[in-house]
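Q: Protein chains in written order, with my numbering: chain A, 15 to 710; chain B, 930 to 1198.
By construction, these hints were calculated from the structure, which means they are not laboratory data. Glycine included, each C-beta is placed from N, C-alpha and C at the ideal position. A few of these clues could be false.
Unchecked claim - From the structure, some residues in chain B lie toward chain A, with a derived Cβ separation under 7 angstroms:
id : residue
1  : Pro-968
2  : Val-970
3  : Thr-1082
4  : Pro-1133
To be verified - Straight-line Cα separation of at most 30 angstroms, DSSO-like style, residue types lysine-lysine; simulated pairs:
id : chain 1 : residue 1 : chain 2 : residue 2
5  : A       : Lys-412   : A       : Lys-154
6  : A       : Lys-261   : B       : Lys-1181
7  : A       : Lys-412   : A       : Lys-238
8  : B       : Lys-962   : A       : Lys-358
9  : A       : Lys-616   : B       : Lys-1181
10 : B       : Lys-987   : B       : Lys-1002
11 : B       : Lys-1002  : A       : Lys-616
12 : A       : Lys-616   : B       : Lys-962
13 : B       : Lys-1002  : A       : Lys-699
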Amino acid sequence: MSAAGSENSNREMMSTLPGDDVRQIMWRFSERYDLQMVVQSARSVARGVVARLVADGARNNHEWTDGKAQLLEAFDQVGLTTVFMDPEDGGFIEGPKNLALSLVAYELSWVDGGAATCSLASNLALSPIHEKGTDEQRHKYMQLCAPPLPGEDRKVWRGAFALTEPLPYVGVDTGILSGKMRIVEWEDGKEPILHVEKRGRFITNMGFANFVTAAVDSDDEKIKGSCMIILEEGDPGTYDRGATTLKLVHQLSSTSDPILSLMVPASRIIGGYTVKDGVIIPNLNHSEIIESVFRRTRVPVAIMTSAKLMSAIEPVIRYQRTRFRGGSASSPGTPRYEQGLQQKDDALQRLIDVWATGEAGTSFGFAAIRLLDTFDPLERKAQKLLADKGISGRSQLKLFKELEKSALEYLTLANLPESERDAARFAELESDTLVQFMITDSLANIYCPGTKLWNTGFGATMMREAVSLMGGYGITEDCPGFLCQKWSDAQLEATYEGPEAVQRRHLSITMTNEIFLAQFRQWSKDLQKIAEQRPESGASALASGMELWLWTLDFLLKSKDADGKALYHPQRHGVVFPMADALCWLLAPREQILDMIELEEKGPENPVVASGLQGFVNFFSDLGYVQSARAAGEAGRICAELVYGYQNQLGKDADEAFASLRHNLDRNLGGARLAKDRASQVAGKVMIPEALDYPM
Amino acid sequence: MNGGFHIVVCGSIVPDPLQTLAPMEGATGPALKNEMMLPSVLDPWAGHSLYEAANLAKKVPGSKVWLVSLGPKAKLQQLMMSIAQKVAFELVVLDGPASGFTDSTEVAAALAGAIGSIPGLDRSRLLLFGGCASASRDAGVTMQMIGEQLGLTEQFLGVDELTVTENGALRVLERIEGGQYQVSECSAAPAVLAWATGNLPEPPNNPQIGMVNMRTIMPALQKAQTAAVGTGGISYQAVELPSQRRETRIVKDMPADDIAAEIVAWLKG
Chain A
15 MSAAGSENSN REMMSTLPGD DVRQIMWRFS ERYDLQMVVQ SARSVARGVV
65 ARLVADGARN NHEWTDGKAQ LLEAFDQVGL TTVFMDPEDG GFIEGPKNLA
115 LSLVAYELSW VDGGAATCSL ASNLALSPIH EKGTDEQRHK YMQLCAPPLP
165 GEDRKVWRGA FALTEPLPYV GVDTGILSGK MRIVEWEDGK EPILHVEKRG
215 RFITNMGFAN FVTAAVDSDD EKIKGSCMII LEEGDPGTYD RGATTLKLVH
265 QLSSTSDPIL SLMVPASRII GGYTVKDGVI IPNLNHSEII ESVFRRTRVP
315 VAIMTSAKLM SAIEPVIRYQ RTRFRGGSAS SPGTPRYEQG LQQKDDALQR
365 LIDVWATGEA GTSFGFAAIR LLDTFDPLER KAQKLLADKG ISGRSQLKLF
415 KELEKSALEY LTLANLPESE RDAARFAELE SDTLVQFMIT DSLANIYCPG
465 TKLWNTGFGA TMMREAVSLM GGYGITEDCP GFLCQKWSDA QLEATYEGPE
515 AVQRRHLSIT MTNEIFLAQF RQWSKDLQKI AEQRPESGAS ALASGMELWL
565 WTLDFLLKSK DADGKALYHP QRHGVVFPMA DALCWLLAPR EQILDMIELE
615 EKGPENPVVA SGLQGFVNFF SDLGYVQSAR AAGEAGRICA ELVYGYQNQL
665 GKDADEAFAS LRHNLDRNLG GARLAKDRAS QVAGKVMIPE ALDYPM
Chain B
930 MNGGFHIVVC GSIVPDPLQT LAPMEGATGP ALKNEMMLPS VLDPWAGHSL
980 YEAANLAKKV PGSKVWLVSL GPKAKLQQLM MSIAQKVAFE LVVLDGPASG
1030 FTDSTEVAAA LAGAIGSIPG LDRSRLLLFG GCASASRDAG VTMQMIGEQL
1080 GLTEQFLGVD ELTVTENGAL RVLERIEGGQ YQVSECSAAP AVLAWATGNL
1130 PEPPNNPQIG MVNMRTIMPA LQKAQTAAVG TGGISYQAVE LPSQRRETRI
1180 VKDMPADDIA AEIVAWLKG
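Extracted from the complex, chain A is given alone in its bound form (with noise of 0.2 angstroms):
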């Protein structure tokens, strides 16, 4: 049980805002000058072009207007266009660009988010070209989206990836499309032309682009499949940009409803195509392509939505202690003018719940975003790896289900001491490409959709709690930091890209992978090693929730329900969703907690976070024990829910096992409500800028 004091009353308290020099330590760039610059040039944009266009109602207008166009310019003009690029088609930034583009997004989410969407979108648009397009494919199209060079004369294209369709269809159930393709002409000797068919819906950056990258199907027995293929505006045929979309939220960005018709030469199949018995056959189908893109575009958009939490700490604090400032109420030094609403306790106790959901959304967020950074490259080399020797489908799972046992070999060697452990067969699996894979898909594939989920729809649910603190002043249009736009904002970022339900579905199929399941146990014993150093970190609540966790996984996957159909089934949403769920509670203060110890650690090394560090560090380790605490609670509630809910009667044996653990957890919320109090004691006393940095 952990035991968090009140005897700390000369605890050193953080006495400004946390900046620059403290998260770069905490999510981990604190070394690349590179994507500090990202930074510099995303926040001038946001807090220059974006704010005043929000702040002059543009968003009042579904239209895309010419004031929306200059964020495209602002864009170019400071990199941000180029932060996607590879040095040699006009970027700035070696190797992976998750982190970068993750950083830009949430600088500009963090005052509008349908900006952050623009930037992103043309990014989205490229993707399928990035990552799967033939050489040719990706350095034309690269190279063509690149601002001009000093002396270039051309005109920057735009692109817009069009999956989504009109109803029935609309949304990401990649089987279905009704986009179709044929071949209308195709010589002896010469490259096919294709007729593609594509009505889109809710397609981001349609008002202005020069190209779409669109997931078609086959509507000809020559043609095997579907693929996504790239369209451009001066193709022959109807490129018709379609109805403005109405959406109430994300004005900053163009949306519409294309009508595509166009001749296009079979080349523009995203990934090339081979011809065997006179059919064509496209490389990659559209769902392989997709896969690969969205998983690394979801989280970004999961860090816009933390993103608003945290830029919402500092307008909260300044309206709350100035509230009655100015009426004849409270005069110049008595504590309601001083004060103001923080002279009570919820007003600030409340707005501790915003900020810490805030920070594990975004440590949670980044984790996942550096995963990717890892898993790029790592992911070229496996995939080159399996072509080189001929590997694919069946025998490529089969190839996997073999290496399990080597991957899980090697994480029971990593967390063995080096002295204890085989130093050969461990250097020998660290190097073996197909193992650090599966290690590295493994939490891909729960990072990816966890941050998505979890940061999205509870962040839409903390932003209103935002709002709230702000009383009538936050539902207006010109409440400081724009909240009430951030918050319906934040509704669109639980949906798109993939809606919550796909990415429990995700989750519901990858958290029971042995793989990760492996990691998810260790980290629960790291967890409790972290709790006999930092007993005031939240890390005992954490590591009982994640105990409390497998031990329901474990007895959903093996139990039946009254009627005796099997608990754990991926069909069975009322059993699979709440866990994964669960899961992603249990996720988030995890990353959170270990971002505050890299920041005690690292920040001895900076001479500017040294002068402050151990108030930084006893606030957001007060602030990992508050959402641990809220995270194992409501990981608590929903496994006694699944565990008893599905019985008449449990078992004898399972109740008391079930009945230790969750006592246990219960017992580690000891002191959380005291971490609590001082965070909230700090919330009340942080210096903060005398106005906001842009403007409302």
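Assemble chain B onto chain A, guided by the hints.
A: Just chain B now, with coordinates in the frame of chain A:
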């Protein structure tokens, strides 16, 4: 101008003006509460001079710009993530305080020493730029003292415009009282120009410039020498913020003429 100018800009950080600035008594004299942790920006006057320097260097082939900064190097590093993307320059760092309470004489001596040690600096082509004042302390004397210590006797203060004439002379507009300009002509470098606001907007960030600058900036930060700069012989009796009079109204869509008329009326009382 044969070979271009060697333009040295003196400039460092000041706390972000939006932050709450609370004077307090520190271990070595007056300081600002939590100053080390407050976000910083490039001193606005120094910023104007840097942008003017870069603009001049672009116009006069063969010119080069150095930025000489005295400040805590960790904070200067953060500042560079933004400033280094705006214009091309080489950074020279002195690791020391950037506080508004330091003695201008000591600051000037440290900066003059650093400038004197810049390898390859041609003093005959030297234009020493900086702000005519600082946002952290409006002493307005530092640039003159640096100039004196470097032997630069042609000095112009409150500069808003510099043009290089066809014969290579410097035509300078300096602010004087009553909203007037004094126009001077200086036959050639070297000279000191302490800038007011100049005429240039803040350049947008350009990551390509940033990446090039960073190749020299990061090593410069790593090898920064410590500068022993303090309050010298100054004894502060008291420090306090200027009293504020804030009457904020939020008005949208008001014509500029009406705003100007209202300000004039307010000034006239």
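Q: Now tell me, hint by hint, if it's right for this structure.
A: Going down the list of hints, with the structure as the test:
Annotation: Pro-968(B) was flagged as interfacial toward chain A, and the flag holds, the nearest CB pair being 5 angstroms apart, inside 7 angstroms. Because the closest C-beta pair between Val-970(B) and chain A is about 11 angstroms apart, greater than 7 angstroms, the hint is violated. Taking 7 angstroms as the C-beta contact cut-off toward chain A, the hint placing Thr-1082(B) at the interface is violated, the least distance being around 39 angstroms. Interface restraint check: Pro-1133(B) against chain A, minimum CB-CB distance 5 angstroms, threshold 7 angstroms, status holds.
As the CA atoms of Lys-412(A) and Lys-154(A) are separated by approximately 37 angstroms, the hinted pair breaks the 30 angstroms bound. Between Lys-261(A) and Lys-1181(B) the CA atoms are separated by roughly 26 angstroms; this keeps the pair inside 30 angstroms, and the hint holds. Restraint check for Lys-412(A) and Lys-238(A): satisfied, since their Cα atoms lie roughly 26 angstroms apart, inside the 30 angstroms limit. Restraint check for Lys-962(B) and Lys-358(A): satisfied, since their Cα atoms lie roughly 26 angstroms apart, inside the 30 angstroms limit.
Restraint check: the Cα-Cα separation between Lys-616(A) and Lys-1181(B) comes to about 46 angstroms, which exceeds 30 angstroms; the hinted pair is violated. Simply put, Lys-987(B) and Lys-1002(B) have alpha-carbon atoms about 28 angstroms apart, close enough for the 30 angstroms limit, and the pair holds. Distance check on the hinted pair: Lys-1002(B) and Lys-616(A) sit about 17 angstroms apart at the alpha-carbon level, within 30 angstroms; holds. This hinted pair checks out: Lys-616(A) and Lys-962(B) have alpha carbons roughly 24 angstroms apart, not beyond 30 angstroms.
A C-alpha spacing of about 29 angstroms is found between Lys-1002(B) and Lys-699(A), which places the hinted pair at or below 30 angstroms, so the restraint holds.
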